[in-house]
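4 protein chains.
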Amino acid sequence: MKKIDLVEKEKQREDTGFGTTATSTSARLVNNEGNFNVKKIGQSFEARVNLYHKLITMSWAKFAVISLGFYLVVNLTFGILYYLIGIENLMGVNKDHGLSDFWEAFFFSSQTLTTVGYGRVSPVGYVTNIIASVEAFLGLLSFSILTGLLYGRFSKPIPRIRYSEKAIIAPYLDINGLMIRLANEKSNQLINVEASVIFSRNETIDGVVKRKYYGLDLERSKVKFFAMSWTLVHPITEKSVLFGETMESLQASDAEMLVTVEGTNDTFADPIYSRRSFLYNEIEFGKKFLPMTVPQEDYYLLDLNKLSDTENAKLN
Amino acid sequence: MKKIDLVEKEKQREDTGFGTTATSTSARLVNNEGNFNVKKIGQSFEARVNLYHKLITMSWAKFAVISLGFYLVVNLTFGILYYLIGIENLMGVNKDHGLSDFWEAFFFSSQTLTTVGYGRVSPVGYVTNIIASVEAFLGLLSFSILTGLLYGRFSKPIPRIRYSEKAIIAPYLDINGLMIRLANEKSNQLINVEASVIFSRNETIDGVVKRKYYGLDLERSKVKFFAMSWTLVHPITEKSVLFGETMESLQASDAEMLVTVEGTNDTFADPIYSRRSFLYNEIEFGKKFLPMTVPQEDYYLLDLNKLSDTENAKLN
Amino acid sequence: MKKIDLVEKEKQREDTGFGTTATSTSARLVNNEGNFNVKKIGQSFEARVNLYHKLITMSWAKFAVISLGFYLVVNLTFGILYYLIGIENLMGVNKDHGLSDFWEAFFFSSQTLTTVGYGRVSPVGYVTNIIASVEAFLGLLSFSILTGLLYGRFSKPIPRIRYSEKAIIAPYLDINGLMIRLANEKSNQLINVEASVIFSRNETIDGVVKRKYYGLDLERSKVKFFAMSWTLVHPITEKSVLFGETMESLQASDAEMLVTVEGTNDTFADPIYSRRSFLYNEIEFGKKFLPMTVPQEDYYLLDLNKLSDTENAKLN
Amino acid sequence: MKKIDLVEKEKQREDTGFGTTATSTSARLVNNEGNFNVKKIGQSFEARVNLYHKLITMSWAKFAVISLGFYLVVNLTFGILYYLIGIENLMGVNKDHGLSDFWEAFFFSSQTLTTVGYGRVSPVGYVTNIIASVEAFLGLLSFSILTGLLYGRFSKPIPRIRYSEKAIIAPYLDINGLMIRLANEKSNQLINVEASVIFSRNETIDGVVKRKYYGLDLERSKVKFFAMSWTLVHPITEKSVLFGETMESLQASDAEMLVTVEGTNDTFADPIYSRRSFLYNEIEFGKKFLPMTVPQEDYYLLDLNKLSDTENAKLN
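Protein sequences, first through last, are from chains A, B, C and D. Per our numbering, the first sequence starts with residue 1, numbered consecutively. Per our numbering, the second sequence starts with residue 1001, numbered consecutively. Per our numbering, the third sequence starts with residue 2001, numbered consecutively. Per our numbering, the fourth sequence starts with residue 3001, numbered consecutively.
Excised from the complex, chain A in its bound form:
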């Protein structure tokens, strides 16, 4: 029955997750840090801002500036409030202490917000007391977010999977293979690590250029431990979509490879994810990787500096 046949064939298409996106552009979908070159319009304000995500992923410098800025702005705001209500409601303010009235109010605010509360200056009168009471409450709440963010940033597991600078086409058994070498830069263990490679290129179908995506079969796509290095190998058999490709054909079709690695950090049982993209000009033909391990008496020595070291090799 023809109908079912077509449906079955469609189902067997490579399951890359890009397959349903028809596009005629040749822009790189993934940059080589593994981020997607996608911009969105029509996002809601909340989705666009995505405050928590931004605060966790921004640089430490930016986070420090924002934290201090927040502290400053809150203290300025409350300082102005106390000042406007009347400095006479802050007992202990005294020109002899070398501070102007406003700055006494400002520093009183900071002592309240952080709950230090030295008490040299203290609130009297209803309004000032109410505001100080609210400020201490807000201080505790806002510091809970700030400190939560700080610890979240500090404890966030950052996978440090390093990839060889180039993907190479090397001799493999009696054929050739696409190889990419990985190493875990950190000293902690990664376990149950799984890798996948997606290959994409422009193809001209009925005169229309379309971007096509293919999953590449790996000789080994999962390892129980990732203690040393790991060389991903896609054997270029006659069935492989890479069969017959040359450096020139890869360039002509804007070829790109997307490597994804998933695993578990066994210190904290956190899942980790890592991505890396190789553009056609990051693929080399006729190379093979040199060993990274340096034999030692009592232990194994992995030299990360050799991760991308290759030598020429005659292809089959």
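What the hints contain is simulated information worked out from the structure, not anything from laboratory work. Every residue, glycine too, gets a C-beta built ideally from N, C-alpha and C. Heads up, none of these hints are tricks.
Derived pair list, reagent style SDA-like, types lysine to any residue, alpha-carbon separation capped at 20 Å:
hint	chain 1	residue 1	chain 2	residue 2
1	D	K3054	A	I158
2	C	K2166	C	K2314
3	D	K3039	A	N305
FRET-style restraints, in silico, Cβ to Cβ:
hint	chain 1	residue 1	chain 2	residue 2	range
4	B	E1046	D	N3305	35 to 43 Å
5	D	I3066	A	N94	36 to 44 Å
6	B	Y1126	D	L3072	32 to 40 Å
7	A	F45	D	I3066	40 to 48 Å
8	D	L3138	B	L1290	51 to 59 Å
9	D	S3142	B	A1064	26 to 34 Å
10	C	L2051	B	G1152	23 to 31 Å
11	A	N94	C	T2077	38 to 46 Å
12	C	K2210	D	E3046	52 to 60 Å
On the provided structure of chain A, position chains B, C and D as indicated by the hints.
Relative to chain A, chains B, C and D alone:
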């Protein structure tokens, strides 16, 4: 052997999780935000209240009111206690400060609860000291719950998966298909995303109206990345439960579709869940989705406003 | 080859996790809350105490007593220290305040530990300052554990899966089945819920009484949603280990069923686990469950009080 | 087709995760605590230091020293700052209190950092106020990291899976088997526990000594509950890589076994991981394990001291 046959057949029934619920009502089981229209009687007090769940999921406005209310009530309670024990046990209370005795006690309580402790007012005498000591202790503990909740709410991952307003019946290959389009409104990545569609309708069996549930086969039910949009496709083959359905028959049988999406947010490795229901009047025949991507030089542009854009299409 | 045969057969044994435990006792392995009746000797001190586990799982009353006790003991300890060093090193101590020297030291300690620090009493001299400085530091650290525990206890997901009081043997299709009914007492959703039933009984093999464990096949062992009730059904086919069992034979062999339920709470994406054991006297023959749902106009009403309601039914 | 054959054969190689590491050294890859004997050169500073990982996994003694050291250093730094700015900007400093100016500044710093803020000493003047304000802010932030670490360490689930001291070769059915016995030392439950055994030895291939890795098939590799003890059994069939091995041949080839156990702690739904390595001299031939359970009236008694108890047994 007939017995085993029946058992085997029962086992092969669609595994929707509703299959064992016999019901004669035609109420919608799922509202279109994906919440179940189920009320329960006989819950224990603890299960009905489910305090933590409520505090995490209520609106920010409600949470703010409850937090401030809690702060107010605790301070009132302790303020009254200090007042009843005798204001003479609070050293530093002074009518010149423009506060009545009770409010001095109230603000002393707030300074103790937040651990600001300016010290202008401080406790003397056994009873007041004991109570102040307990209040500071309880303050630290209760603020730990309040701040934990606040940060929990702030950091809770809210999936922002948007669904097309309508499910459509569109031409698909040489047959037709049910299609629903999804997009991730946020800028962060979702990975390992899995979708399922459950179809339910009333069926008259032996003269009794029963609600029946069917899982719909999808052309693709899992994608590795959810970077762009994703159109779920259920091919309406002759085997499909939707084969032969019309707008009228769907309405007559109170038909409803439940879409569920599960995946992982790769910034925090948090699992995310999303649900959406489409009632018969949210299903359109003879449409097809228009592209959402706008080709650009250097990147991909996804226009979320076009998520529900369709045009007419002749069905096969 | 006979050797391989025996090995293969052994591999196909029911995988219950108890299978390798040879035992001649007839004690119940699991109590009906799902806890194992296992005691261990030879545990290390740390494993036996398992402080964190105890502090999270103990009752709220016990936790409150321990917290307050800890607060009291620490303040007593530091109070005694300050007193022994010399009350003259606490400035502001004054007999007029109605407190003896020791209690001034005690309350100073509590003001330091909670970081309230009113400052009416403050440390002078080296030793007292050093100790106060250490106490404030320890106070912050120990309160971090206390508040962490408190929030951990508060936010710990407690599955409230209710089980029917009895497991029943009911007519099922053209044979009979073992049935156990479950309901989620809470209002939040459980998804991807999986259940299993393990049956155990004493068997006399070569004159030795051994406890044997069998996994029971379920008509359905996984549901996508657990919105309503769920009746676990083990069809008693001729292959079933329950085939031919009677109330008397179950009692004679000290039969026991262990139900385990695993799933995900979709508010927080937390996994949940629940267990329940049914002893032979909690199994009834010739019953069937009555409906729990009460049809309503606009929603589904699940009456948890009817979870265990059965009526007599003639067995096949 | 020969090419595909070789590729297929390579794919069927044992998936141990070490298979791709060619090495000629005979160093033990895993020590018997399950840590890998791997050192890395070329790590980035951040990867090498891996601060969070170190702070969570170091001993409690070391953590205490580092915490106190941090507290001391920060107070010294700020104390010196306040002293250099001029002690006259700290109101309330008074030689009568038995502290030199510097130590007054030091203890003022500690009162600010912990937010105790007694207020006997309080800042006046702009510079001192600014610094005190920053110190209180930094204090709150740094204590958030310290207390987060402390609670993280305290609540970190430490699996206490104990392994028998030796792996034994025991009679098993009508052949022999490699057996290793495990027990959960803690009183909490482990569920869904999975085990694997990897065997490695030196093999001389074409005159080159290579380390080879093999996964060993287990009679049972997963149990639903780990309530009692669990004896891992690898049946030494004719297909087994251990078939024909003797104590001498294991020693000659530097043989080593790596046991890994994964599961879920059901109190907190935390995944747990455990590893243990057995070197050739920790493997005994012709033994069998003695029972660990002591029959009791009402419960099961597991004697952990008997975990490694064996008696001689004639091998098949």
